[in-house]
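Undergrad: Dock chain B against chain A, hints included.
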Amino acid sequence: MEFLNLSLGQFLALFGTVAAFSVALYLLDRTRRKQIVSTLRFWVEPGKAAPVTRRTRIQQPFSLLLQLLGMALLLLAIAQFQFGGRRNARRDHVLILDTSAWMGAALPNRSDLTLMDQARANALGWLRAVPTADRVLLVRADALATPATSWELDRRNTARAILESQPGATALNLSQSLQFASQMQRRSGSLPGEIVYDGPGRISTRESNNMSLPEIPAFRVLSVDDNVANSGLRSVGASRSATDTGTWDVVVRARNYSTQPKSVQVTLNFGNVPQGARTLELPPAGEKEASFEVHTRAAGVLEARLYPKDAFAADNYAALELPELRSLHVVIYSNQPEELRPAFASDSRVVADFRRTADYRAEPAGLVVLHRFRPAINPTGNVLWIDPPADNSPVPVRERVDHPEGLRWTPDQPLTLGLRARDVQLDTASIFQPGPNDIRLAEVDKGPIMVASVSPDGRNRNVVLGFDPFAGPMRYELATPLLLANVLRWVAPDVFRDVDVGTQSAGAVSMPFASDPGGVQVLTDSGVNLPYSVRNKTLEFFAGQPSRVRVIAGNSERVYSLTLPEMWDVKWTPPANVRRGIPAWNDALRRNRDWWPFLAILGTGVLLAEWVLYGRFSPLRIRAVKQRLEKAA
Amino acid sequence: MPPHEALLDREFLERLERLTIHWQRSFAGLVGGHNRSHFAGGGQEFLDHRHFHQGDDLRAVNWRAYMRLDKMFLKMFQIEPRVPVRLLLDTSASMAAGNGEKFKFARQLAAALCYVGLVRLDTIQVLPFASRLHEGKSSGGGRHRYRLAAEFLEALQPGGITDFFAVVRQYLNEYPQRGLVIVVSDFLDESGCEKALQFLADYGNELMLVQLWSDEDRTPPWSGEIDLTDAESGGHLRIQVDAEARRGYTEAFDLFSAGIKEVALRNEGKYAGLPTSMPLEDAIFGSMVRARSLV
Numbered sequence: 001m002e003f004l005n006l007s008l009g010q011f012l013a014l015f016g017t018v019a020a021f022s023v024a025l026y027l028l029d030r031t032r033r034k035q036i037v038s039t040l041r042f043w044v045e046p047g048k049a050a051p052v053t054r055r056t057r058i059q060q061p062f063s064l065l066l067q068l069l070g071m072a073l074l075l076l077a078i079a080q081f082q083f084g085g086r087r088n089a090r091r092d093h094v095l096i097l098d099t100s101a102w103m104g105a106a107l108p109n110r111s112d113l114t115l116m117d118q119a120r121a122n123a124l125g126w127l128r129a130v131p132t133a134d135r136v137l138l139v140r141a142d143a144l145a146t147p148a149t150s151w152e153l154d155r156r157n158t159a160r161a162i163l164e165s166q167p168g169a170t171a172l173n174l175s176q177s178l179q180f181a182s183q184m185q186r187r188s189g190s191l192p193g194e195i196v197y198d199g200p201g202r203i204s205t206r207e208s209n210n211m212s213l214p215e216i217p218a219f220r221v222l223s224v225d226d227n228v229a230n231s232g233l234r235s236v237g238a239s240r241s242a243t244d245t246g247t248w249d250v251v252v253r254a255r256n257y258s259t260q261p262k263s264v265q266v267t268l269n270f271g272n273v274p275q276g277a278r279t280l281e282l283p284p285a286g287e288k289e290a291s292f293e294v295h296t297r298a299a300g301v302l303e304a305r306l307y308p309k310d311a312f313a314a315d316n317y318a319a320l321e322l323p324e325l326r327s328l329h330v331v332i333y334s335n336q337p338e339e340l341r342p343a344f345a346s347d348s349r350v351v352a353d354f355r356r357t358a359d360y361r362a363e364p365a366g367l368v369v370l371h372r373f374r375p376a377i378n379p380t381g382n383v384l385w386i387d388p389p390a391d392n393s394p395v396p397v398r399e400r401v402d403h404p405e406g407l408r409w410t411p412d413q414p415l416t417l418g419l420r421a422r423d424v425q426l427d428t429a430s431i432f433q434p435g436p437n438d439i440r441l442a443e444v445d446k447g448p449i450m451v452a453s454v455s456p457d458g459r460n461r462n463v464v465l466g467f468d469p470f471a472g473p474m475r476y477e478l479a480t481p482l483l484l485a486n487v488l489r490w491v492a493p494d495v496f497r498d499v500d501v502g503t504q505s506a507g508a509v510s511m512p513f514a515s516d517p518g519g520v521q522v523l524t525d526s527g528v529n530l531p532y533s534v535r536n537k538t539l540e541f542f543a544g545q546p547s548r549v550r551v552i553a554g555n556s557e558r559v560y561s562l563t564l565p566e567m568w569d570v571k572w573t574p575p576a577n578v579r580r581g582i583p584a585w586n587d588a589l590r591r592n593r594d595w596w597p598f599l600a601i602l603g604t605g606v607l608l609a610e611w612v613l614y615g616r617f618s619p620l621r622i623r624a625v626k627q628r629l630e631k632a633a
Numbered sequence: 001m002p003p004h005e006a007l008l009d010r011e012f013l014e015r016l017e018r019l020t021i022h023w024q025r026s027f028a029g030l031v032g033g034h035n036r037s038h039f040a041g042g043g044q045e046f047l048d049h050r051h052f053h054q055g056d057d058l059r060a061v062n063w064r065a066y067m068r069l070d071k072m073f074l075k076m077f078q079i080e081p082r083v084p085v086r087l088l089l090d091t092s093a094s095m096a097a098g099n100g101e102k103f104k105f106a107r108q109l110a111a112a113l114c115y116v117g118l119v120r121l122d123t124i125q126v127l128p129f130a131s132r133l134h135e136g137k138s139s140g141g142g143r144h145r146y147r148l149a150a151e152f153l154e155a156l157q158p159g160g161i162t163d164f165f166a167v168v169r170q171y172l173n174e175y176p177q178r179g180l181v182i183v184v185s186d187f188l189d190e191s192g193c194e195k196a197l198q199f200l201a202d203y204g205n206e207l208m209l210v211q212l213w214s215d216e217d218r219t220p221p222w223s224g225e226i227d228l229t230d231a232e233s234g235g236h237l238r239i240q241v242d243a244e245a246r247r248g249y250t251e252a253f254d255l256f257s258a259g260i261k262e263v264a265l266r267n268e269g270k271y272a273g274l275p276t277s278m279p280l281e282d283a284i285f286g287s288m289v290r291a292r293s294l295v
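So the protein lines, in turn, are chains A and B.
Residue numbering for the first sequence follows the numbering used here, beginning at 1 and increasing consecutively.
Residue numbering for the second sequence follows the numbering used here, beginning at 1 and increasing consecutively.
This is chain B alone, in the form it adopts within the complex:
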C-alpha cells in the first residue's frame, strides 16, 4: 500500500468512536480500565466485606461496623482493571495471495481495533507474525496515538510461512500476563492452528479470532485445468477443476472455518468470519458487533 494512502479515513474513524472492545473474562491489571473484574480493588462500586488483615489499607476499613461490632471489617470494591489487549496480525504470504485484498483488509481491521482501544484508553499491542512473532507496536494513551499505530500497520509487508505453534509458544514466553488476544488471520497453517490456539486459551487468555478469507479462498471461480501454487510453501498442484471439485473445496473450507469457530467458542472466546468482499464497515458494525467482540 502506498504510504500516502491512509488505511481508514476520518469519517470512518469518527464512527468507530462509539465502539468498545469487549471481553468477558476477569483479568488482573492496573486500575483504569472499563471492563469490570471480580477481583477486589480500588474501584468505585462496592463488592463485599472481609476481615481486616495486617497491612490492609486503613482507608478501606468499615468504621461504622467496627463501632457497632467491635471488629474490623474491610470494604472491598470492584475494580475495572486496565488489561492489555494484544492483536496478533497474520503477515504470512498466504495473506497476500491473489490480489492482496486479505492483507489489506487485515491491516484495516487492525487499525480500526487500535483506534477503538485508544479511544477507550486501552493499551493495545499489535504483534505481526508469520513463522514467529515480529517486533510489535504498543499503543496507548488516547486517540492521538493512533497515527503511530497506523504508520506501523502501513509499513508491514507480507511474507513467510505461518507457524501458529511457534508463534504461540513465543507469545506465551514473552507476554505472560493474561489478557485479551485478538488473532486476525486466515488461519491457513499447513500443520494446523487449532492446537496452538487451544494452548493460548489454556494459558488464561481470552481469544477473539477473526478469520479472513477472500472469495477465491472459499469459492474458487476457476474451471478447467489449473496449476495451483501454494503462496507460502510454493507447493504445486495440477488439478482439473469442475463444478464438483469446487463444491468439495467449499465444503472443506467451511469445515475448516467451523473448527476455528469451535476453538473460540469452546474457550469462551469470540469468532468472526469475514470475507474480504464484505465492506469493512459491515464487518465491524455488523459481524463483529453481532459476535460481541465490539459493543
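Looking at chain A on its own, in the form it has when it is part of the complex:
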C-alpha cells in the first residue's frame, strides 16, 4: 500500500482535519432548532400528551458516515493510493513509431493525410490508454532505431515527440527496432510492459529472409492501412560512354509495388532540356529499366520523372549532378612528332600540342613531354622525359647499353600497373644512377632504366624514361600505350578517373568492389569520411539521411546522390498471438492499476448520494415539498 502524493501521516492529518470540520458542521446543522409556529395544536394528537423527546446529538448518523466516507475516498484519490510498492506497480512500455520513408505515402482514399498521420493518431490513442504510473519510451524506427524520448512519465512530452515525428528516408528495419526496444526494456529496471509497433510493417526482402524477432511477452501491433498503389524510381545511373566520352549512358530503373500491372512513363531532362521519354510496362511487384543517352561535356543536373503521379510522390522524381568532362593539356617537344602522335591522340581527354624542340618555351602546362631533348631551362610542373640525352639527363646516367636484358617492372606502383611483359626488347637504354628520393619503376640487369620523382611539396611530378618506347619494336607492344596511360593518370589522376554518377535510395548502400580496399575513400559532400566495409567484393556503407556520397577507389570514382527514399519489398505479417489495435476502454480499465480515478468517482458518488438523501435542498426533497404545496393549493 502506498501513497504517491502524500505520506501516511500527511494523509491521516489531512483527513482528521477535514473530518473534524465536517463533524462540527454536521452537528451545528443537526442540533435542535427553535421555531416559532402559529399553533401547536396539530403537533399534539388529540387525547395524548405532547411528545417528549430525548436529546440526541446525532440525528442522522448514516448521513455523517456517508460524508466522512466520501471525503476519505476523495482524499485517497488525491493521495493516489496504490496497493503494493511503486517499483512493482510501474511498467515500462516501448512505442516503436515507424518513421520509414514509406510513411510519407498518402492514406487510401485520403490524399490530404499520410500514413504518418494515421500512425501518429494510433500512437496517441494507445498513449491515452496507458496507465499514468507507467513509463513510455518512444523509438522512431526506420533503418535505425532512434530513441526520441527518455523513459517518460509525462504524457505531454511523449505526445509532443509523437507529433514531431516525420517520415525519414530509409526503409524500416523492424528486427533491429524490436531488439533495441527489448534491450531497453530489460535495462530499465522496472517491470516490462508492452512493446508496441505502430506502422504498416513494410520491410525489405533481406530483412524478411533473415528476420529474428526477440522474445517479447507483450507485443502489440497498431496497424496502419497502406493498401495504396505505388510505382517509383529505384535508381538512376549515369556513366561515361565507352565509345564516346562526351556521352553519358543513363539507366533508369523503376519498380511497381502494387499487385496489378502498371504502365508508367519515364522522362529525362538535362538542364531543363528534355532528353527523352520511355514507357515501361511494369509487372506486379516487378522492375524494369529504361536506357537513355545524354550528350554533354558540361556539368548539369539530370532529372528523371515517373508518370503518372501516385500516392507516394517521393520516389517519382530523382536528380543527379553530372560532372564536367575535364581534359589534360599536354605540350610535346619532339622533332619526331609522328612517332608520338598516335599514342597521345587516342584519348580524347588529352589535348596534345606538338612543338619542335627549337620552339621550346618554359611555360606552364598540364604535362610537358620532352622527347630526346633537354632544354636549357627545365620546365616547371609535371614533366615526362623520354630518353633524355645521356650527357645531359635530369637523372645521372651511369652508362648506355644496347639490347639490355632482363627487363622487369617494379610491382605495386601506379605507374607500372598492368605491365607484366618481361620479353620486351629494347634497342638501347640509359642506366640511371637514381637519387635517394627517386622511385625505381623499371630495371634491367645492369640497373634502373625508368625512375620517377615527386617534388617536396607534392605538386610536381617527373617521370624519366631511359628508353624510347615509341621507337623500335617496343612501339608495337601493348606495354607502350599502357605505360603512357599510367603516366597520364599518375600526373593528373582527377582527369583520367572513371566517373560513374548514380541516384539511389538512402540507407544501406552496397556496390560491387574489386579494387584494393586500402585505397578506398567514402566521402560526403562536406569531405567527411564515412565508415564502410568491404566484404565478398562488395563495399557497403550507410547513409541515414539524403545526401551525396563519393566513393573513390583507385582509378574510378562513383558519386551517389542518395535522394531516393529507401523502399520496402514485402509486408511483414505479425505473429498470431500479438495484441492488436488500441486497447478498448474496458481493457484499459482492466490493465489500469491506478486507483485514484475510481476512488474519486466513488467518493463523489457517495457525497452526491448523501446530498440527495439528506440534503436540505436536494431535488428529491424540493420535488416532494412542491407536490405537497400543489396539492394543498
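Please keep in mind that the hints were generated in silico from the structure rather than gathered at the bench.
Model, not experiment: these values are computed from the prediction.
The C-beta atom is built at its ideal place from N, Cα and C for all residues, glycine as well.
Be aware that a few hints might be false.
Some but not every residue of chain B turned toward chain A, in silico, with C-beta under 10 Å [to be verified]:
#	residue
1	ALA93
2	SER223
3	VAL241
Pulled from the structure, derived: some chain B residues nowhere near chain A, Cβ distances all over 12 Å [what the hints assert, rightly or not]:
#	residue
4	LEU13
5	ASP48
6	SER138
7	GLN157
8	ASP202
Computed from the model, here is a short list of chain A residues facing chain B with C-beta under 8 Å [claimed, not checked]:
#	residue
9	LYS34
10	ILE36
11	VAL37
12	SER38
13	LEU40
14	TRP409
TA: Okay, now just chain B, sitting in the frame of chain A:
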C-alpha cells in the same frame, strides 16, 4: 410593512374593478345596493300586488286595477338594498408567525375586497380583531375612498391572542344589523372557532370565511429535534420531527380546515382556503371567484 409600500399596485386595482362582492341572503337595508332582496320596496322591478293599507304610499297604488275592480291594490317592487359588508381581519400574533407572510397576505386581501366594494358603492367596514374587536374603519362612497382604507390597513400591527368567541359576542352587540360578514383569518384559536362562527351565522349573518395559511402552517419543512413555540400563547413543545410526524401534522391541519369549511357551507356561506404561497391575483380571480365570493 413600510408606509411607503402600497398594499396593491394600480394595475391590480384596475383589474379588480370588474368584480363584485356577492352574497346570497336577502338583507334589509337602504336602497341603492346591487344585490336583490325578496323584501319589497322602492325598486325598479315589479315583485307582487297586495291590498292597500292605510299609510301606504299612494304612488304605488295600481290605479288601473282600482278602476276595473274598484279595489285598491298596491304594486310591490323588488328592492336592491345597500347592505353593510363587514370584514373581520385577524391581527393576532399567529398571523405574523414565521416570516409574516400571512399577515401581509391578509391585509392585501382585505384591501382588495375594500376596493371591490367601494367600486360598487358598497359600504365596507374593516374590523381588526384578536382577543377582541378593535376600532374599525368604515369606507363607502366610491373608489376615491380607497386610500383611507388602505392607510388603515397598512397601519395595522399584529399581536394578541385569538379569541373568536369574545370577538363574535362583541360584534353581535355592536353591530346588530345583519349582513355579509367576511372573516379573513387563520382561524387558529386554541379554544376553537367553530362555535363562535356558528353563533355568528345563527344571528342571520352570511359568512364568507377566508382561511389563510402559510406553507409552514400546513407542511412544516423541518426535521429532527425542534423546540416549537406558539406565537400567541408562548407555549413550548419539544418534538422530534420526521416524515411520519409531518404527515400526521398535515392530516390534522386538513381536518381542521375541513371543519371551517363545513361551518361556512352549512350556513349557506362561502369558504376559500388560500395558502400564502399562492399569488394574490390567483387567490382572488381563482379561488374566491370559484367559491362565488366574488363575481
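Undergrad: List, from low to high, the hint numbers that the structure doesn't satisfy.
TA: Hint check: 14 fails alone, others pass.
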